[in-house]
Amino acid sequence: MLLPWDYGVRNLQRRPLRTALTIASTTLAILLVLAVAAFVRGLSRTLGETGIEENVIVYLNGAERDLVRSQIPNRTPALLEASLQGIRRREGTSYVSPEINLSTVVKLASDLVQGEKALTRLGLLRGIMPAAFLVHREVAIVEGRAPGPGEVLVGRFVATKIGAEGLRVGDGVDFEGRHWNVSGIFAAPGTVYESEIWLNVEDLQRATRLEDVSCVVMTMESKEKIPDVQAFTRTRLDLELAAMSEREYYSELGKQYAPIRMLAWVMALLVWGGGLAGAANSMYASVAGRTAELGALQSIGFVRSALVLSLIQESSIVAAAATLGASAIALGFLNGFALNFTQGAFALRVDGTALLIGILTGVFLGILGALPPALRALKKPIAIAIAER
Amino acid sequence: MALIELRGVTKVYSKGGRDFAPLKDLDLDIEKNEFVALMGPSGSGKTTLLNIISGIDKPTRGSVRVGGVDVPSLSRSKAAQWRSRAIGYIFQRYNLVPVLTAFENVELPLLLHKMSGAARAKRVTLALQAAGISHRANHTPTELSGGEEQRVSIARAIVADPQIIVADEPTGDLDRDSASAVLGLLTRLHREFGKTLLMVTHDAKAAEIAQRTIRLQKGTFLTPEPGASSGNGTRPPTPSPAPTAAGAAP
Ligand SMILES: Nc1ncnc2c1ncn2[C@@H]1O[C@H](COP(=O)(O)OP(=O)(O)OP(=O)(O)O)[C@@H](O)[C@H]1O
Ligand SMILES: [Mg+2]
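So the sequence lines, in the order shown, correspond to chains Z and U.
1 is the number of the first residue of the first sequence in this note's numbering; add one for each residue after it.
1 is the number of the first residue of the second sequence in this note's numbering; add one for each residue after it.
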């Protein structure tokens, strides 16, 4: 009941230039949608997946969950360790990590030469003790070693975050009035840590003349122990502490980006609409000259739905080629591409969901692009269509 | 009952708020195996009449029965299905699908019927032979002359073995030689294959090959129908059925 499969292919071959242009513009539309999807996926993953289930962050009550604004006394970590049951312990070490979160201007060697004209680079610092590597077990040093005095360990995306070309072991950076050497580079896939600069907490305190830490991160034996920590902070009001699961903390942070995500999807929708208009337009052009042919096919006995299907098939071939092209480009060039944002940097992520969105876009462009021209061509009474030149 | 039977067929179009009727209260009977030529000046409603008989267009009033089927009552898709069995339509401008070869164009009507690929190929080959165009089977329409294209279109009209062939100025775009070849072919369809033909033509000479010529003018037949005949030829006795294209196929 359908036209031969070749019918669509051959109609496309008849006008190779138009077909090529249509494939190119459809590829672009799908690629842009894929880019938005990868952006949102990357952002969501970085903020949604940072944090370990059993980790709890203890910070200053009233800091409104902003660790940079939180200050708690140096002795609090030891006090927590002594007062709380259920903190993970291994080989005599407790999983208690006092940390300082600080955001500060970072200068590269080249900036010092440029002086006033140099870019202002905002770096995210985290003052740590060795326990940090126990508590943040996603973090793995991929090059060099943990920082000694006067040294920093940098995440893979620090360069992106501060707008540098790249940072290698042995490079120098300046902040808080001192010079620091990069001792190593760490990875922590999908987390915000990758855009942070880590250094020893005492070093940082000395450089900044801070006496406090920002927070304490602890790994509990299980996530069920986290409410105990929260109960403790509520009974010891004198300590002025609050506690929150690490997962929750970062996903709350992610909610700040809801408007950006919305904007991204709105953009995707606009691109989508443009792609649809383009696909429909080229199908209009392709079908316009075929009115008489489509009329004749109906007078032979082909029903309209069969002809609509043939035209959809024709535009779906274009859309399929474009989808393949766009997916290949996205996987090859977009995936892993690092982007900068206030809370750190993150990588575009062309994952299954993003690809699915791209493929669905292709399918919809294929089907919806063909429908309006097909319906318009077939709405005409056959008698009039046949007579058209 | 005649194979094609029109009673009180009227077609009214509204143009710019004004109604005008290219067909007015027409009665027409065409018997099985008749070859009728339809003549008339441009705009007299000839194509409209063919389209109404084929179920491509609907009359505003009146009844159209073809082989006992009440054609105007069919839905658009039912009409398409019925047409694929009952009618072979030949157009003035051939209306072949440009991206398909002659063979594939002729095969199109058969795609609408349950049939194996081999059976289809056999039928297509026979139809191409009958139309004398087998040697061009693998050419696309752009590679064919007008006369050759019209032969392909005739092969396409007969391949599903419909009882009725309607042809709208089949020689209108052809030179004299090609035209007479096409007319010869139509005569064969009538004589050898026993088809019922209704052919629109502007050419009195072409009309001569028909058994009967009817003339439309301003929406009515010049000679009243049914009953009398006009022009050349008289109402023929129904000839004995000749083998059809399908009959020729095993
Ligand atoms: N869909 C339509 N809407 C309005 N008017 C129409 C329509 N179809 C046909 N007509 C008019 O009806 C009249 C008859 O048209 P038709 O095509 O049947 O004439 P014809 O005898 O086949 O003419 P020709 O010899 O030029 O092919 C013409 O005046 C035509 O303009
Ligand atoms: Mg006409």
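These are calculated hints, taken from the structure and not from any lab test.
Yeah, the Cβ is synthetic: ideal placement off N, Cα and C, and Gly gets one too.
Check each hint, because a few of them may be wrong.
[Stated by the list, open to error] Pairs of lysine-lysine, BS3-like flavour, derived with a Cα cap of 25 Å: (1) Z:K380 x U:K58; (2) U:K78 x U:K15; (3) Z:K379 x U:K78.
[What the hints assert, rightly or not] Stretch by stretch, here's where chain U covers chain Z in the computed footprint (C-beta under 8 Å, at least three residues): (4) 127–134; (5) 241–253; (6) 268–278.
[Said to hold, decoys possible] Chain U side only, calculated, beta carbon under 10 Å to chain Z, not exhaustive: (7) G16; (8) F20; (9) N51; (10) D57; (11) R65; (12) G67; (13) G68; (14) V69; (15) Y89; (16) A160; (17) D161; (18) R176.
Agreement of hint U:V69 with chain Z interface, Cβ distance less than 10 Å
violated (14 Å)
Take a quick look at whether Z:K380 and U:K58 sit within 25 Å of each other, Cα to Cα.
holds (14 Å)
Any CB of chain Z closer than 10 Å to the CB of U:Y89?
It holds, given that the least Cβ distance between U:Y89 and chain Z is near 5 Å, below 10 Å.
Would you check whether U:F20 satisfies its interface hint, that is, whether its CB is within less than 10 Å of any CB in chain Z?
violated (16 Å)
Regarding the pair Z:K379 and U:K78, is the alpha-carbon distance no greater than 25 Å?
holds (17 Å)
Taking 10 Å as the limit, does the beta-carbon of U:G67 come near enough to a beta-carbon in chain Z?
violated (15 Å)
In terms of beta carbon proximity below 8 Å, does the segment 241–253 of chain Z have 3 or more residues touching chain U?
violated (count 0)
How does the segment 127–134 of chain Z fare against chain U when you require at least three residues with a CB closer than 8 Å, holds or violated?
violated (count 0)
When the nearest CB of chain Z is found for U:D57, is that gap smaller than 10 Å?
With a closest approach of 4 Å, the U:D57 hint holds.
Whether chain U covers the segment 268–278 of chain Z (at least 3 residues having a Cβ closer than 8 Å to its Cβ atoms):
violated (count 0)
A closest beta-carbon separation below 10 Å is what the hint needs, so does U:D161 meet it against chain Z?
With a closest approach of 13 Å, the U:D161 hint is violated.
Would the hint on U:R176 stand, with a C-beta cut-off of 10 Å toward chain Z?
Check failed: Cβ of U:R176 comes no nearer than 24 Å to chain Z, outside 10 Å.
Figure legend: structure checked against the earlier numbered hints; hints not met, in rising order: 2, 4, 5, 6, 7, 8, 11, 12, 13, 14, 17 and 18.
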